[in-house]
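Q: Residue numbers (full-length UniProt numbering), protein chains in the order written: chain U, 1 to 993; chain S, 1 to 417; chain E, 1 to 91; chain B, 1 to 209.
Treat the hints as calculated values from the structure; they're not laboratory data. Beta carbons are placed, not taken as given, at the ideal position from N, Cα and C, and that holds for glycine. Each hint should be verified, as a subset may be incorrect.
What the hints assert, rightly or not - Just some of the chain U residues that point at chain S, by a computed CB distance under 10 angstroms:
no., residue
1, P84
2, T86
3, H272
4, R275
5, H427
6, E535
7, V584
8, V618
9, I919
10, G926
11, Y933
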Amino acid sequence: MASAQTNRLDDGGLIDRSAPLNFRFDGKAFSGFQGDTLASALIANGVKLVGRSFKYHRPRGILTSGSEEPNALVELRTGARREPNTKATTAELYEGLEAASQNRWPSLRHDVMSVNQLFAPIFVAGFYYKTFMWPAKFWEAIYEPAIRRAAGLGRAAGVADPDHYDKAWAHCDVLIAGSGPAGLAAALAAGRSGARVILCEEDFVPGGRLLSDGGTIDGVPAAEWLSRTLAELADMPDVGIMTRTTLFGVYDGGTYGAIERVNDHLPSPPEHQVRQRLWRIVAKRCVVAAGAIERPIVFAGNDTPGVMMASAVRTYVARYAAAPAKRIALFTNNEDGWRTVETALSAGLQIAAVVDARPDVSPAHRSLASKGGFPVLHGSVSGVDGGKDGVRKIAVSLTGGARAEVEADGLAVSGGWNPAVGLTSFHRGRPTWNDDISAFVPDGAPPGMTAAGAANGDFGLGACLSQGFAAGATAARDAGHNGKAGIAPVADDEAFSLTPLWHVAGKGKAFVDYQHDVTASDIELAQREGFESVEHLKRYTTLGMATDQGKTSNVAGLAIMAAVSGRSIPETGTTIYRPPYVPVAIGAFAGHHRDETFHATRLTPSHHWAVEQGAVFVDTGLWKRAQWYPRAGEKDWLESVTREVKAVRSGVGFCDVSTLGKIDVHGPDAGAFLDRVYINTFSNLAVGKARYGLMLREDGIVYDDGTTSRLAEDHYFLTTTTAKAGLVMQHLEFCRQVLFPELDVQLTSVSDQWAQFSIAGPKTRDLLKEIVDPAEDLSNEGFPFMGAREVTLRGGLEARLFRISFSGEMAFEISVPARFGDAMARNLMLAGAPFGVTPYGTEALGVMRVEKGHIAGPELSGTTTAADLGLGKMMSTKKDYIGRVLAGREALTAPDRQVVVGIKPTDKARRLRSGAHIIPKGQTPGPGNDQGYVTSVCFSPTLDQWIGLALVERGRERIGEIVHAHDPLRGEDYDVELCNPVFYDPDGGRQRG
Amino acid sequence: MKYSIFSLARAALSGHKNWQRTWRDATPKDRYDVVIIGGGGHGLATAWFLASEYGIKNVAVLEKGWIGSGNAGRNTTIIRSNYGLPGNTGFYELSMKLWERMEQDLNYNTMVSQRGVINLYHSDAQRDAYARRGNTMRINGIDAELLDLAAVRKMIPFLNFDNARFPVQGGLLQRRGGTARHDAVVWGYAHAASALGVDIIQNCEVTGFVRDANGKVTGVETSRGKIGGGKVGMAVAGSSSRVAAMAGLRLPIESHVLQAFVSEAIKPLIPGVMTFGAGHFYVSQSDKGGLVFGGDIDGYNSYAQRGNMPVMEDVCEGGMALMPMIGRVRLLRQWGGIMDMSMDGSPIIDKTPVDGLYINAGWCYGGFKATPGSGFVFAHLLARDTPHEEAVRFRLDRFRRGAMIDEKGQGAQPNLH
Amino acid sequence: MRIVCPFCGERELGEFTYLGDAKPMRPVAGASEDEVFDYVYLRDNVAGETSEYWYHGGGCRAWLKVTRNTLTHEISSVEAAAGAGAAKVGA
Amino acid sequence: MAEFSWAPRSSLEKALVAGAHGARGIEAGVSLTEIRNFDLIQVMARRGKGAELAKATKARFGVVPPDAPKAVQTPDATLIWSGPDQFFVLSKGGKHTMLTLAPALSGPASLSDQSHARVLISISGAKARTTLAKLSSIDLYAGAFPIGAAAATSMDHTSVTLWRGGDRPDELAVFNLLVFATFAESLWHTMLDAAAEFSVDISHSEELA
């Protein structure tokens, strides 16, 4: 049975009393209402102790009612959905909610680690830099694990997040952050002017402080104005209000980041829905009406549960009808704090006393005090008597030196307000100090952004409305909308008089950063040790680095630093403000891109056919390629691959090679263009012929290779490696558009247009005769090696046929339009059946290329020259081409470079592995004799042994030498012979035959 | 005052009122034997090694802001020596050895934590490349292990092994790799160097070089006046081109922004440092509990010290692809540093063509791990006028000669390194 | 960042790929190693306004010359490379 | 001699399952239709031949080709801008193929057959824009992207050509998407995931809308 809501007020509040909700905190059952946050529901149930601090494990209560909360952090939900460090102040209550306090053991009330408080005299700021150094090995073994266990806050789930996230784009003229009076007024003005408006509100209801503080606008109560305004905005089709959405960052060019908590208010997202959505909002103008954050005053015992921001007390009482205390004392240094007195009294709560740091209070307040029957004490709170069950008594140092005590079960504190300058400062704009309000106000906001209302340092309701309205109208106009904005809403401004007070000196720990347990004396220590710069202060004490990003602590911290270092606050300055404005789930930034949808997948035209064949696939970039086609009874991949290779070498096989990049190069200057991008010449290639080409980068290193055919006088068909397809296209476009704009050339990727198959093996022609129109001459004379032309297939389909070979066998590549790729695979099977045609995958392809000594990815490593690869002779000396000049640099032409050679183990049974290093025989391996490494290996069914390619110093001069393959990672050492890299058919008779 | 648990306990008795400044707040003298521009980790380490190893104590470190306010204070704190190419391999191992004795050298706990660095591989080609690199490390006497899938699963069972777009197949592990507390490294070197007489001068921006009739650099003009120097060394990665331009030099360097991220603090979740091999993501967990992570550079020249959303998303996508358990962990802070991206991805430590001016630059995004090694070899160069044997390949003229140290094989395209 | 492609209009950063400084000009055929070295390796690396090449690969595949401030990321002008839109040459 | 069948197969043949997908119990907010077996020719003007190509195009189609991101409808083809100096000719039934267009345009232009390189998907429905907002960074607001507007852009890091066709009879906007064929299945799943919460009506058609 849920416990009674002891601190729920009898009436009032924006909660739905007809919708009770059950929840559990640390296993104990409670109830609350729809419209509660977890914090307000806990308060309504009289719960004061909600968490433990980071370092000292001090008991902590709820300090605020918003996203600036430093104390009330919980683990929300359970199992895979457990979310550590969730602010109880922003978590919406739902039926069945489960939350647990964190950073305590075994329980919140009895936390063993609170023993740390005993060591507090030693655990001062930066203490760990001065110790834990001896013995050196103890750091990782003893000290660090202990520190790590004690640190951290909540526990992550530790298993995959079961929820989904997505990301979306939105576009508007005017983006508004915050739906308080300033934000709503801005939306009204911009919307009426005809602008497209998006208003983001992090709360689940719009209204901002209007929901807590009320007031009168245009002569009606704030609540009425609010509903009227929301209705007017709802009628504007181009105005959208996004609740549960926090604008967290501003990026270049008017791009903003926002996080929408789509379904966090439910136990779990409904089917097909996401938990949260990341918005990229493109806005011409942005009005920041994010309000201000009330700041604490630093005094001894200020972290006792029951000490709460004065505005938060109002919020809990007025908006949630939940009383944080029954007998409340107020400690204020400004007029605004007094509003808490009015709110509390009107809710029937008792005021124990008001401690006002100012020399005087207004007559109105005096009469309020006498009516409420509480004393007004001039002075400061200097201590709090209480503990995990809350405040019992407060000690007051009166102006003039006397002391007083006040019995109270809650203490409301108001140290003034800090405009929320985060968003306006994210482009490294430094806010400026405003003496009138003793706070930093926005300056140097990113282009297109303005702040209005409390976010701009104008706290009065009237000012918020008028400034917000003006900002909205201006923003709309700047975005090109000149409609009539009409008249701004009107309200009175409350008085705002403040005497700055940051720190009340006294005995006992006085907290500046609650969550990180940074005290006033830590700041003094930092100053003493020379960490005077605010950035040093932050890093040395960890001030402002907690999950609240210093929202309640930074300004007080630097004010104290200013005081102890004898500088003014503006001289001391602020740290750099960094996004996100509130912490954002990492899952939301990833959105859809996780698990198997991390990246897109590219499928070849014959993919589904290959799936039917039972192919095993390999990821090659984004592609899924058939790696081999296992058959029943084969014990491992090697057996399958060996079969495929043998089938090709002895009969015929085919392989989908559609993944190669394919580019149409058109235009009268296509040949001249290719001459400049390849090291060899293409302008003299005859129509109907293909040629192997090699391109360099401008620094003389090999970039890519492939076969290019001339299909017409002004039309070449260029192929690239699979890996470089996109990059080569980009490079060629650069050459075309930037380097050689005078050439008349057109480029198009046709990679997806053509399904391309390699058909290889001595029976290739037999197979092709079955499938190609009998009129086509496929004889060696009619279609010689390196021929390329269009042919007609049986059934009338037009195809392109290229007589090129990667395997070293008699081979053709055939291209058909991609939608016929699936049929092509099936028809090749059909046509080849009489010849035992065998589909083969990338592994067999790789084996045959190593047997043939062709270079591929491992050799095209981005550090090899054409000469290193044995292709130096291709470098034309008769023309300019990309990379020609720098390829001649001394170190790139040095005789001792590592060049491609073949290797074979001296023990024929020995397996080779890529990545082994080459050491001269008989020498002890060391940096001085590391002469190269093995780039590619395979088991060659043809030679019945493992063979490989290696890059070896002066390798070509050392053919026949026995060297040592050294592979300490895998504990292998063996001798290999350096040999000609072309293991198979070195004179090429087979591919020409 | 020597730092220890005993001095801490004694200080506690007097309410910590007797601690001295961690480093002296020096005012500039007219002349120093060596002036080092840049009060980051590299500059301060150089000063400390000059004083402690080479007996040159009349040294000034000039810092335009506060020490450690550049990349030393905004990196992801990883230390490792898992490089594959001659030049880098030996140098980074020298640096690693200096990390291993840093705390005792400096009497400052820089929290060097050798919890291991694992580079995951997701394909045979990547495995082969890591095998090549790991073998290079072993040949150079550096620890390296090639783990297969089973071993990785055992070590870090929380990765996405079962429904990943690019399944993990194994990893290259360097157990001696890990992390260190970046700010503490800066303060530790400052503390120790200052104690040996080095002047650390903050808020002192160099505005020009003082040259004699022969063009030799004999000092610097600063916002705090002219300061003479027998030799002037720059250690201003991120701003190298700007400072070098004052001496009329153009460098093979571009400045790029690298973003980094930290999550809210959580209880220990991740044991060491991990890098994803199928996307841009690497991560470790700080002692405080935050996941410290990053990925690729934004890819365009920038001095703005902040990046944009595409990279932020890309990094988080990598993180979620690798370990979808972090979905509900919140990103707390995002920041950007300016990287000296060199044309081959490797650093430059050399005399410049301008007599009297020495350069330490081009650290790309790997400068933190190099801090002690960089200081050591730069101090050697400044003291002896010849490169340290582990830095001979970091010469400035290597690009002209074609002797690049290009680990990634991307060529003269800094944003791809 | 958003770049106003002269052909497509304003587009988000993710559609573009950066190459680098647009100031160095590729030396003509027959240039010396020193000249080409300078072109390939040395950079002004300007802190401020600079002109650079971007590729609209996620859009119309035009190469663009973008004038951008490296301190603020502010883009002041974008023009197409000489060979993008060459059909209008001589028109 | 074996009998060969040359049946074309769409990249979405397997992935596309006609019928309802996603959220149940609500009216489909998104309609996804694949249009199969079309002809698509990329026309690229040669250097200095823009005007000549415009003239030739006008002669052939009755309209000049779009020289800005737009799609122009002719009685039997759609001309879609695809980049500077280039456009697509999208048609059905063999009216405008390489064979038939080359005589008319190959003087001032280079032609490249892309009929098989792309998959054509049409997206409409009350939630079409909301769905596309998850996939595309383009502002598809009615005022910003009117009928006939086109964009060469990216979705899921994949290049696409997007244009707005004529509205449906129920006045809802129709967006057409040409995606690379080898990416199509992957992008299709991404689109389905984006649209699932709105309920999707999936179909394929041989007719251009």
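Q: Give a verdict on every hint.
A: Here is how each hint holds up against the structure:
1. P84: holds, 5 angstroms
2. T86: holds, 9 angstroms
3. H272: violated, 18 angstroms
4. R275: holds, 8 angstroms
5. H427: Holds - the Cβ of H427/U comes within 10 angstroms of chain S, reaching about 7 angstroms at its closest.
6. E535: holds, 6 angstroms
7. V584: holds, 5 angstroms
8. V618: holds, 8 angstroms
9. I919: holds, 8 angstroms
10. G926: It holds, given that the least Cβ distance between G926/U and chain S is near 6 angstroms, below 10 angstroms.
11. Y933: holds, 5 angstroms
In summary, the structure is inconsistent with hint 3 from the numbered list given earlier, while agreeing with all the others.
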